[in-house]
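A.B. asks: Chain order of the listed sequences is D and F.
Quick note: the first sequence, position 215, residue 220 per this note's numbering, numbers continuous.
Quick note: the second sequence, position 98, residue 103 per this note's numbering, numbers continuous.
Don't read these hints as lab results, they were simulated from the structure.
No residue lacks a Cβ here, since even glycine has one placed at the ideal position from N, Cα and C.
Please note: incorrect hints may appear among the correct ones.
[To be verified] Taking CB as the label site, the calculated pair distances span: (1) F:91 - D:64: 22 to 30 Å; (2) F:36 - D:155: 38 to 46 Å; (3) F:33 - D:132: 29 to 37 Å; (4) F:214 - D:244: 51 to 59 Å; (5) F:70 - D:155: 26 to 34 Å; (6) D:220 - F:221: 43 to 51 Å; (7) D:132 - F:15: 19 to 27 Å; (8) F:88 - D:158: 35 to 43 Å; (9) D:169 - F:247: 53 to 61 Å; (10) D:173 - F:162: 44 to 52 Å; (11) F:166 - D:199: 51 to 59 Å; (12) D:170 - F:202: 53 to 61 Å.
[As the list claims (entries may be wrong)] Distance condition first, Cα-Cα at most 20 Å in a straight line; then the derived EDC-like pairs of lysine to aspartate or glutamate: (13) F:208 - F:19; (14) F:125 - D:148; (15) F:194 - F:166; (16) D:75 - D:226; (17) D:75 - F:62; (18) F:75 - D:144; (19) F:208 - F:240; (20) D:208 - D:172; (21) D:121 - D:144; (22) F:70 - F:221; (23) F:120 - F:170; (24) D:70 - D:221; (25) D:125 - F:62; (26) D:125 - D:170; (27) D:75 - D:257; (28) D:194 - D:211; (29) F:70 - D:172; (30) D:125 - F:144; (31) D:208 - D:19; (32) D:121 - D:62; (33) F:225 - F:249; (34) D:70 - F:221; (35) F:125 - D:144.
Protein chains: 2
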Amino acid sequence: MCELLGMSANVPTDIVFSVTGLIERGGRTGPHRDGWGIAFYEGRGCRLFRDPAPSIDSPVAQFIKHYPIKSRTVISHIRRANRGKVCLENTHPFVRELWGRMWCFAHNGQLKGIKKRGLKFYQPVGTTDSEHAFCWLLDRIREQFPTPPRSAKRLHGYISELGWELDALGVANFLLSDSQSLYAHCSTKMCWITRQAPFGESKLIDSEMQVDFAQETTRKDVVTVVATQPLTDNETWNRMEKSELRLFRLGETWRIR
Amino acid sequence: MCELLGMSANVPTDIVFSVTGLIERGGRTGPHRDGWGIAFYEGRGCRLFRDPAPSIDSPVAQFIKHYPIKSRTVISHIRRANRGKVCLENTHPFVRELWGRMWCFAHNGQLKGIKKRGLKFYQPVGTTDSEHAFCWLLDRIREQFPTPPRSAKRLHGYISELGWELDALGVANFLLSDSQSLYAHCSTKMCWITRQAPFGESKLIDSEMQVDFAQETTRKDVVTVVATQPLTDNETWNRMEKSELRLFRLGETWRIR
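Using the sequences and the hints, build the whole thing.
C.D. replies: The structure is reproduced here in structure tokens:
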């Protein structure tokens, strides 16, 4: 299995605190040693860092921990390989362009038979079922909406349906983003927390680190973090329900189930 | 204008020496302060680092200079903006997937009227004429070859024709790669050098650095570096001709003109 981490915020925010917790699970407090990656959106652009090395030993991860990149939307993943060997092209997140936006995807779970689903526009570069599922998702979205739909709700509803189709094949916990919207689909495990004024202290489970967000933020900031499992032990995380698709945008959230 | 750097090698090779020279031109020995980027292929996967900051001040560039990533195919670019504001989505290299391969593109020059050319499969994320040209190139390749052509020569010939079409719109010095093949098209300025046994010393123009490649390589290594302008002053670089498309693969080279 793998673990996922996402962030949605109304101001460019650094995610060093949460990433520090996640990185520990990539070889020290967790078994996810088969590579890791993180995508930061900056405007419409996307910075993608990936490394097939365990995050706990990765020079790229050390760099990210000490170089606070500010972003409104982030997707990160640590991998424990089931399908597909450990190599760069099998490392999440995956990216593809649709409608002149860079879409980004990371997945936790196995999807039996997904590779039998034919693909049209997008082809996987690596051999994971996850990347195949991403190509299939974007293919379907592109066929349904050759141009971006005006209604965010229609798109949300359609991605929700696609999530249910994936649920039928196995486990489809995934994060998906086009830069502004962050979609989180829960098959089995996913939780989230929104931090806003009055901010307090947060303490990581996997590391000694703690931070007083009141010192790091302004009163207007709204920052939501999504993760496979809670990253802190002194806050209450919201558990997502099975087959729920939640949309996060500028830190706020909506759901379809 | 901008400057380009590419590498093709028959063994995974680090490009720290050449990148060190290029980075200097992004704000110290050259005026290309409007961002920089580098793509390293690793198998079929691609690591892409981009920063809209000048390379000379970029923490990402410092990281790359001290973290020798080994690759057979590399494309790098330092930008001096003509079209499109300075931001991440306008920073080269650009990437898109075609035939299950990640294609990567960096460009030097201006292309008048390129944005009037309609696009079908690929849409730009940013606002540069360069990214539009890349989308147009891949659109045309995809229409001509819905699946990868068996003959590398046919593909080379077709990309060469597309290069001539771009030449007619202005200046189209570009590097393009699908991971194994590195195509270099010259409108006005491009040169290359192949280093192989017996290796000797190389001395950068833009920095005090020099390296004895005999100490760093084996007798079987073949490494070709392509650049807008020579990076060393104690070696003879081959100047490309106008409208020439040169293919580099595993360090070896072929041309069509």
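A.B. asks: Now look at each hint and say whether the structure bears it out.
C.D. replies: Status of each hint after checking the structure:
no.	hint	verdict
1	F:91 - D:64: 22 to 30 Å	28 Å, holds
2	F:36 - D:155: 38 to 46 Å	43 Å, holds
3	F:33 - D:132: 29 to 37 Å	43 Å, violated
4	F:214 - D:244: 51 to 59 Å	55 Å, holds
5	F:70 - D:155: 26 to 34 Å	46 Å, violated
6	D:220 - F:221: 43 to 51 Å	47 Å, holds
7	D:132 - F:15: 19 to 27 Å	25 Å, holds
8	F:88 - D:158: 35 to 43 Å	36 Å, holds
9	D:169 - F:247: 53 to 61 Å	57 Å, holds
10	D:173 - F:162: 44 to 52 Å	47 Å, holds
11	F:166 - D:199: 51 to 59 Å	54 Å, holds
12	D:170 - F:202: 53 to 61 Å	56 Å, holds
13	F:208 - F:19	16 Å, holds
14	F:125 - D:148	14 Å, holds
15	F:194 - F:166	18 Å, holds
16	D:75 - D:226	13 Å, holds
17	D:75 - F:62	17 Å, holds
18	F:75 - D:144	34 Å, violated
19	F:208 - F:240	8 Å, holds
20	D:208 - D:172	33 Å, violated
21	D:121 - D:144	14 Å, holds
22	F:70 - F:221	16 Å, holds
23	F:120 - F:170	14 Å, holds
24	D:70 - D:221	16 Å, holds
25	D:125 - F:62	42 Å, violated
26	D:125 - D:170	18 Å, holds
27	D:75 - D:257	18 Å, holds
28	D:194 - D:211	18 Å, holds
29	F:70 - D:172	44 Å, violated
30	D:125 - F:144	15 Å, holds
31	D:208 - D:19	16 Å, holds
32	D:121 - D:62	36 Å, violated
33	F:225 - F:249	28 Å, violated
34	D:70 - F:221	31 Å, violated
35	F:125 - D:144	15 Å, holds
Consistency note: the structure conflicts with the earlier hints numbered 3, 5, 18, 20, 25, 29, 32, 33, 34.
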